[in-house]
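**Q** First to last, the sequence lines map onto chains A and B.
Be aware that the first sequence starts at 1, since it is given in the numbering used here, and climbs by one per residue.
Be aware that the second sequence starts at 1001, since it is given in the numbering used here, and climbs by one per residue.
Derived by calculation from the structure, the hints in this document are not laboratory data.
Backbone N, C-alpha and C define an ideal beta-carbon position, used for all residues, glycine too.
Check each hint, because a few of them may be wrong.
[Said to hold, decoys possible] Sample of chain A residues with no beta-carbon within 10 Å of chain B, all distances over it, derived:
{"hint": "1", "residue": "74"}
{"hint": "2", "residue": "91"}
{"hint": "3", "residue": "286"}
[Said to hold, decoys possible] Sample of chain B residues at the chain A side, in silico, Cβ under 8 Å:
{"hint": "4", "residue": "1026"}
{"hint": "5", "residue": "1029"}
{"hint": "6", "residue": "1109"}
{"hint": "7", "residue": "1205"}
{"hint": "8", "residue": "1251"}
{"hint": "9", "residue": "1361"}
{"hint": "10", "residue": "1369"}
{"hint": "11", "residue": "1373"}
{"hint": "12", "residue": "1374"}
{"hint": "13", "residue": "1383"}
{"hint": "14", "residue": "1400"}
{"hint": "15", "residue": "1413"}
{"hint": "16", "residue": "1431"}
There are 2 protein chains.
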Amino acid sequence: MNILDSVPEPSEDLVKRASQVKRAAIELSQTTDIQRKNALNLMADALEASRESIIKANLEDLSRSEAAGLAAPLLSRLLLDDNKLTKAIEGVRQVAHLGDPIGKRQLHRELYKGLILERITVPLGVLGVIFESRPDAVIQIASLAIRSGNGSILKGGSEASFTNKTIVDALMLGLQKSDVYPECICLLTTRTESLGLLKLDGIVDLIIPRGSNELVRFIQDRTHIPVLGHADGICHLYVDNHANITKALEISIDSKCQYPAACNAIETLLIHKDIALEFLEKAIPRFNECGVRLLGDNISTQYGIENEASAADWSTEYLDLVLAIKIVSNLEEALEHIRKYGSRHTDAIVTEDISIAEKFMSSVDSSGVYHNCSTRFADGFRYGFGAEVGISTQTLPPRGPVGLDGLVTYRYFLRGDGHIASDFASGQKSFSHKDLN
Amino acid sequence: MNILDSVPEPSEDLVKRASQVKRAAIELSQTTDIQRKNALNLMADALEASRESIIKANLEDLSRSEAAGLAAPLLSRLLLDDNKLTKAIEGVRQVAHLGDPIGKRQLHRELYKGLILERITVPLGVLGVIFESRPDAVIQIASLAIRSGNGSILKGGSEASFTNKTIVDALMLGLQKSDVYPECICLLTTRTESLGLLKLDGIVDLIIPRGSNELVRFIQDRTHIPVLGHADGICHLYVDNHANITKALEISIDSKCQYPAACNAIETLLIHKDIALEFLEKAIPRFNECGVRLLGDNISTQYGIENEASAADWSTEYLDLVLAIKIVSNLEEALEHIRKYGSRHTDAIVTEDISIAEKFMSSVDSSGVYHNCSTRFADGFRYGFGAEVGISTQTLPPRGPVGLDGLVTYRYFLRGDGHIASDFASGQKSFSHKDLN
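The following block holds chain A by itself, in its conformation from the complex (with noise of 0.2 Å):
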């Protein structure tokens, strides 16, 4: 039984598209950083100039979503109207800005005299990207692609069918003005082609599923290829005993209010049992203000806290105003339930005392370990990559917030004059492993 037994075979059709976007990589993965940089320029301008068309275009799609009873969260993601454009199209300005990822040399040494070994960031090749309504997503992802040297594939939702064609139509009018070939981009329109993409092994190096927790789910489980994303983001913060009860309150409020749908907005608030009485006095009142429900343990619910938590709170990212709330002994309590729930996102202690927020930091393997501060910080833009592709809660790199960095890999050169490795074994030459500057 074969992971992959349950997705259909690609087609002829999509196996020849998606190696032209293959071939056009490897010439775009050839560019210089200045060509990249005019490339999205020349997007970004030809996405200017298709600006009725794109809008008229996103109209359709909505009036039909719409008559098809389209829920309304969905409807207002899939707009796309002249302000959501511009600042698009500014995006794609910004992405041309940001630094080159590719072509870094990461080592450089000398493994026997004229046997030079480098190590040089390349782009990945293509990506597999497949998105739930957002429009605007297309434009982002394409151009963040571009810029890495990546080739695309993209899969838009049916209900966005008419705005991503003339999109992509857009984008690749642009690119034939660069020197980028179109070819790098390429979009799939039925889901069936979709599927298909999961079986791209050897063509597309990474998917990207921007979309719901269940889409990146379904994927994950149904590729080989890696899927850079997160099912789950299960986030906590635990008060300590040794809280400055000022800031865990104004933390809490910030971890689960600032804006509750995102997956680094906290589900689970720990408190050591010292502290607890005294700060559930004080953040009760300011969670019913902002209109959370807490979801208490049975001690919590002694000290004020209506509704009762189930088991299957510890384990459930409301994305809504709801927050589980448990009372624990120490420290190493607070630990395990964080290990044995959490989604190795981001967690966070409140804490005045630095060697237990250190054992927090050291103990707890997610991809943020925060001290004193908000989970919400958890963000590619926050932490000034310029960009967010995604965040990975992936143990291996890229993990977290990821930003352009994370669509390039590496690839390994070495160049020398008929060198051969029985010399070597033989112990006739031996290696000088000298690092070069």
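With chain A fixed as given, assemble chain B onto it according to the hints.
**A** Only chain B this time, still in chain A's reference frame:
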């Protein structure tokens, strides 16, 4: 239909043991460089002290396996004699001396006054290692794991069970005298357990298969956990028409014959048509001398190669003294062949024309691309890494020969003093994003 439906659920006992390794690994991740160095030296001492019982256990395994009809090459890999054991123990002390891969600061940035972001290398957590035969590999991997701060769950072949048990007992005895918990290492013994290991997502962070291509493929097909390794090593050497014939001859003989069972040996030789006759006239007798069976395409068979290659030969990893030979019209055809049949391991060109060499090296997206040297250099020791965990043909890092650095990841540490995101969202504060030294 989920990828894991075919894999049995891990038993309660396995989950319990694995969780124990995870907990011990969290403690291990907080040890100092010196503590881990000492632990390795104590492991080496303990192996030394158990030398007799290890060799005795190995003799038992050997006679049992011989009686069971194990093939001769496997018996020779199973053998752990005094000499091999001495080398393995030396290896542990060498790993102790390698530089510490953890605790390296990769990023240090002020996001705002008092809000400091760091990105620091940390161990992956727990490695799941599955071996075939070679019991000395258990010693090597266990020491690499401890050196890099990782726990390890080891599953050896049943043919080596006495040897592996005696080795792991000795290693744990050594750890008992150190600051590292012996529970950081755990040996599995049954096949059901090793299958369950594949489903320990969230506990095991990386699976390292050490064995045949079939073993690697079997594992890759049955787990969501990242797998470090390569299922295939189909390496190419392209002899360009501007090649120096002498260099081309020596490099092709070395790349094929120096150790044909290695994954970095070439399986296919591509030759430019304009140099093919001259090159093959000299190469065929040399390959014959070395006992290499040559399989030619329809052109090269006219140039004196007796056996014809079938379509399947271009994608076969012989791991033996067999070499497929194809004549190509130009560089493009060579690149297309490598793109189609290569496994992105290591591919080389022989040419005196620098621009053709550079075109080759920037167009082949294998983890190693070589100019005028043997593919046999693709090896962690030869690269100067001091140790090799494996060679990865994945696109994402770590790729190519992977040393100790491939067993670490990073974590973002953010330290503030009550900082909340809404102050930045409201525009009241703005990020400084100032890199610190």
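**Q** Take the hints in turn and mark each one as holding or not.
**A** Hint check:
1. 74: holds, 24 Å
2. 91: The claim stands: residue 91 of chain A keeps its Cβ more than 10 Å from every Cβ of chain B (closest is about 18 Å).
3. 286: Residue 286 of chain A is indeed farther than 10 Å from all Cβ atoms of chain B, at 13 Å.
4. 1026: holds, 6 Å
5. 1029: Given a least distance of 7 Å, the restraint on residue 1029 of chain B holds.
6. 1109: With a minimum Cβ separation of about 6 Å from chain A (threshold 8 Å), the hint on residue 1109 of chain B holds.
7. 1205: holds, 4 Å
8. 1251: Holds: closest Cβ of chain A sits about 6 Å from residue 1251 of chain B, inside 8 Å.
9. 1361: holds, 6 Å
10. 1369: Status holds, d = 6 Å.
11. 1373: Since chain A brings a Cβ to about 3 Å from residue 1373 of chain B, closer than 8 Å, the hint holds.
12. 1374: holds, 5 Å
13. 1383: Hint on residue 1383 of chain B: holds, closest Cβ of chain A at ~6 Å, below 8 Å.
14. 1400: Holds. Min distance 5 Å.
15. 1413: holds, 6 Å
16. 1431: Holds: closest Cβ of chain A sits about 7 Å from residue 1431 of chain B, inside 8 Å.
The structure meets every hint from the earlier list without exception.
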